[in-house]
Amino acid sequence: AQRVTQPEKLLSVFKGAPVELKCNYSYSGSPELFWYVQYSRQRLQLLLRHISRESIKGFTADLNKGETSFHLKKPFAQEEDSAMYYCALRDSSYKLIFGSGTRLLVRP
Amino acid sequence: SAVISQKPSRDICQRGTSLTIQCQVDSQVTMMFWYRQQPGQSLTLIATANQGSEATYESGFVIDKFPISRPNLTFSTLTVSNMSPEDSSIYLCSVGAGNQPQHFGDGTRLSIL
Chain W
2 AQRVTQPEKL LSVFKGAPVE LKCNYSYSGS PELFWYVQYS RQRLQLLLRH ISRESIKGFT
62 ADLNKGETSF HLKKPFAQEE DSAMYYCALR DSSYKLIFGS GTRLLVRP
Chain A
106 SAVISQKPSR DICQRGTSLT IQCQVDSQVT MMFWYRQQPG QSLTLIATAN QGSEATYESG
166 FVIDKFPISR PNLTFSTLTV SNMSPEDSSI YLCSVGAGNQ PQHFGDGTRL SIL
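So the sequence lines, in the order shown, correspond to chains W and A.
First residue of the first sequence: 2, per the working numbering; consecutive thereafter.
First residue of the second sequence: 106, per the working numbering; consecutive thereafter.
One or more hints might be untrue.
Derived DSS-like pairs: lysine-lysine, alpha-carbon spacing no greater than 30 Å straight-line [unchecked claim]: (1) W/K58 with W/K74; (2) W/K96 with A/K112; (3) W/K74 with W/K23; (4) W/K10 with W/K23; (5) W/K96 with A/K170; (6) W/K10 with W/K58.
Hints were generated in silico from the structure; no laboratory data involved.
Start from the sequences and build out the full structure, keeping to the hints where you can.
See below:
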């Protein structure tokens, strides 16, 4: 079955600390993975997609097919990174399957 | 990316009534989707809105409860029928084209009394 798992509901770190938001997936085909972010009172927006292999707002994510993971990382967290983060998998019919989300709280 | 407008942004409805949510895009898009986000939960796909044909519903969602229209490539509606308190959710429209990532509207926050 297709599934996206985000094991942490809440991740709290201090400003300047490294951040890693975990995402594991289950998919029989070749997956396409995304990270979406939702800041307070804003719409859900795309942060990263794995095929782009780019860094957005200091965040990176690498697809590890062996471990079926797509963890989101940032070396130095900022207070403005506090938001809800969703990992999502797109299947062959272009539908998105979302994980349960992780709330990142960056303390000053 | 496309500009997506969803109306209404929020509503409070009586049990047993129906509400139609509109999604307007400023450019033609091949794919439009409707998602539901229940309180404290993640997003779940309701259906894919197909232009000129019946929507494709996901398991657990039926046309009688969530009728969808998509008359053209820039507009779609989702109706939540015969509402009950369990339908209180945020309903989101998203659009995509080919291999491009999906982008989301602001959502409609629906509360049923």
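A quick look at each hint next to the structure:
1. Proximity of W/K58 to W/K74 is assessed by CA-CA distance (about 11 Å); at most 30 Å being required, the pair is judged to hold.
2. The suggested pairing of W/K96 with A/K112 holds, with an alpha-carbon distance near 23 Å, which does not exceed 30 Å.
3. Of the supplied pair hints, the one linking W/K74 and W/K23 holds, its CA atoms being roughly 9 Å apart against a limit of 30 Å.
4. Only pairs whose Cα atoms come within 30 Å are accepted, and W/K10 paired with W/K23 is accepted, the gap being roughly 10 Å.
5. Restraint check for W/K96 and A/K170: the C-alpha separation of about 21 Å stays at or below 30 Å, so the hint holds.
6. With a CA separation close to 22 Å, the supplied pair W/K10 and W/K58 stays within the 30 Å bound.
Violated hints are absent here; each numbered hint is respected by the structure.
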